[in-house]
Amino acid sequence: MTRIRRSFETHWYAWAMVLPVVLVLAVLVGYPLGRGIYLSFTDANEANVARTIGVNHIPATYHFVGLDNYWKVLSGQEGHFYSRLTWTVVWTASCVLLHYALGLGLALLLNRKVRFRALYRVLLILPWAVPAFVATFSWRLIFNEKYGVLNAVLDRLGLGTVDWLGDTTLQKISAVAVNVWLGVPFMMVAILGGLQAIPGELHEAAEMDGASPWQRFRHVTLPGLRPVSGTVILLGTIWTFNMFQVIYLLVGQGASSDSEILVTYSYRLAFQGVRDYAGSATYGILILSLLLVFAVFYRRMLTRQETAR
Amino acid sequence: MSSSTATKPVRLRGERSRAASVGLHTALVAASLVSLFPVLFVVYVSLRGRDGWQEPMRLTGGLGLSNYGHILGQTKFLTWFGNSLVVALGSTVLGVLVSASAGYAVSRMRFPGHRPLMWTFLVVQMFPMAVLIVPLYTILGQLELLDSYLGLILTYCSVSVPFCAWMLKGYFDSIPAEIDEAGRVDGLTPFGTFWRLIVPLARPGLAVTAFYSFITAWGEVAFASQFMSSEEHYTLAVGLQTFVGQQKAEWGLMTAAAVLITIPAGLVFFLAQRHLVAGLTAGGTKG
Chain S
1 MTRIRRSFET
11 HWYAWAMVLP
21 VVLVLAVLVG
31 YPLGRGIYLS
41 FTDANEANVA
51 RTIGVNHIPA
61 TYHFVGLDNY
71 WKVLSGQEGH
81 FYSRLTWTVV
91 WTASCVLLHY
101 ALGLGLALLL
111 NRKVRFRALY
121 RVLLILPWAV
131 PAFVATFSWR
141 LIFNEKYGVL
151 NAVLDRLGLG
161 TVDWLGDTTL
171 QKISAVAVNV
181 WLGVPFMMVA
191 ILGGLQAIPG
201 ELHEAAEMDG
211 ASPWQRFRHV
221 TLPGLRPVSG
231 TVILLGTIWT
241 FNMFQVIYLL
251 VGQGASSDSE
261 ILVTYSYRLA
271 FQGVRDYAGS
281 ATYGILILSL
291 LLVFAVFYRR
301 MLTRQETAR
Chain R
1 MSSSTATKPV
11 RLRGERSRAA
21 SVGLHTALVA
31 ASLVSLFPVL
41 FVVYVSLRGR
51 DGWQEPMRLT
61 GGLGLSNYGH
71 ILGQTKFLTW
81 FGNSLVVALG
91 STVLGVLVSA
101 SAGYAVSRMR
111 FPGHRPLMWT
121 FLVVQMFPMA
131 VLIVPLYTIL
141 GQLELLDSYL
151 GLILTYCSVS
161 VPFCAWMLKG
171 YFDSIPAEID
181 EAGRVDGLTP
191 FGTFWRLIVP
201 LARPGLAVTA
211 FYSFITAWGE
221 VAFASQFMSS
231 EEHYTLAVGL
241 QTFVGQQKAE
251 WGLMTAAAVL
261 ITIPAGLVFF
271 LAQRHLVAGL
281 TAGGTKG
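From first to last, the protein sequence lines stand for chains S and R. Mapping the first sequence onto the UniProt record's numbering, position 74 (from 1) lands on 74, and the numbers just tick up by one. Mapping the second sequence onto the UniProt record's numbering, position 160 (from 1) lands on 160, and the numbers just tick up by one.
What the hints contain is simulated information worked out from the structure, not anything from laboratory work. As the structure is a prediction and not an experimental result, all values here were calculated from the model. One thing to keep in mind: the hints can contain errors.
Stated by the list, open to error - One-sided excerpt, in silico: chain R residues whose CB lies under 8 Å from chain S:
| hint | residue |
| --- | --- |
| 1 | ALA19 |
| 2 | VAL45 |
| 3 | LEU47 |
| 4 | GLY49 |
| 5 | ILE133 |
| 6 | CYS157 |
Said to hold, decoys possible - Quick list of the computed label-pair ranges, beta carbon to beta carbon:
| hint | chain 1 | residue 1 | chain 2 | residue 2 | range |
| --- | --- | --- | --- | --- | --- |
| 7 | S | MET301 | R | GLN142 | 40 to 48 Å |
| 8 | S | LEU157 | R | ARG50 | 27 to 35 Å |
| 9 | S | GLY76 | R | THR189 | 55 to 63 Å |
| 10 | S | LEU67 | R | LEU40 | 49 to 57 Å |
| 11 | R | THR189 | S | ASP258 | 37 to 45 Å |
| 12 | R | LEU85 | S | GLN272 | 39 to 47 Å |
| 13 | R | GLN142 | S | VAL293 | 31 to 39 Å |
Said to hold, decoys possible - Short derived list, chain R residues pointing at chain S, Cβ under 10 Å:
| hint | residue |
| --- | --- |
| 14 | GLY64 |
| 15 | TYR68 |
| 16 | TYR104 |
| 17 | ARG108 |
| 18 | GLY113 |
In this text, a Cβ means the ideal position worked out from N, Cα and C, and glycines have one as well.
With the sequences and hints as input, model every part of the structure.
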């Protein structure tokens, strides 16, 4: 008891300062998460949750069904979980890879002494300033089969037009393109900051020792970028895995579409047709678990690299 | 955008050959064009009148503001704009205010619960909105906060608070602790140190987090589409979808709206971007 008291006396200041955040997180994240987990163990849907129609209040009649939902999803009986998961992973990997590669390339270019550097920087950051939903709609117009400028150009060049948003494969490619356009500036800016944090002496020393440009890139620049890269790749992966707007607004609004990722599918379960709250919650929990597992492994890998160095 | 793999490393006392210079500028110009084109194209289409979008390659013909006149005069665009502004500003202010003190506490003080809290900040950022949307929907329904500004602002705080706290912690870490000690010696309380010394110094970090929350709220689609059910309360992200749907394809109006939506976001962005590099990397390296 006295220990608790003493602990309170030394730490009450810190606790008071974090209290607002803890409250907000508990109410807005903790409680809903608990409810979400609970819902995923029930058969709740639009027809049996508590609701008020006019003045009549109808109490909830859904039941606890244990792991049924998870079993249905994971055994592949419902919703093509594995094909969606595959596409989600491919989507995330290709987007993050392209984001990082292009961001690194552009950051390296911008990190040199170049005339109009400030102008290039502003122009290259521009996609970041455009809200994702606006950008997605704009790209939809560009990709438009009949009146889109992309097809008009292809037609003019005699290459024939392509139904960019009609075919599943092309939908996927278009979605990746839009997301890459949106995401490169963030990577570029973050990596540029990382590049500028690498002490110039390291490069000079390497140059003195006769390291070729490639060797300097490989052994000075890349290791120097490691802390920044670690964080931005982790964040980028999480954001892309959960990227809702691009997929939903570009392709996912119609009836069932194979180019939907897990998040948009879960959303559609909850809010289209007969609202399947339990199914949606199950997908949500599965997505969260996947990301958690990934984050834990990724961070462990980073610390191992760190100690191996 | 083309030469990501072909780029060479930083060269310090860099004199480069003429060819390398040309290559460098070509790559940068090409990348700039790719990043600029969709924006310019949308601005261009928006000026071509209501049906101008059907002839994207025609460069002749008049430009006019008729699309803008139409969306400002005959749609609820301005209402939606106001809604978005209220919601985005509300969640930004609330998010930054609430998370700044926590970020500071986590950065400077060691206390029981420190590590779990940092983990929570990180883990919550992983939450797909799909996990929270259904429970939040029912909770807000019970509180009768659906279809209201406050409900959406609170919802967005669940996204912005953990991120802001995480970023600000990183930024506070980059401010030397000697400053705190000096404040303490001069008789300030820990909160006084935070408020009078650290907050003014952390302005770049605060700007970045505020910018981030604003942009996230301004562009959020999933929650807004479900929570704001009456047309009076639509945010821009919901309203824009009404121009181009299953039955309608008012791309001319859509582009004009897109331009007007992007302007404030872009303004906020370029005001904050001066601090972006500093803020982001401070948050990034200390992960």
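Violating hint indices (sorted, rising): 1, 3, 4, 11, 12, 14, 15
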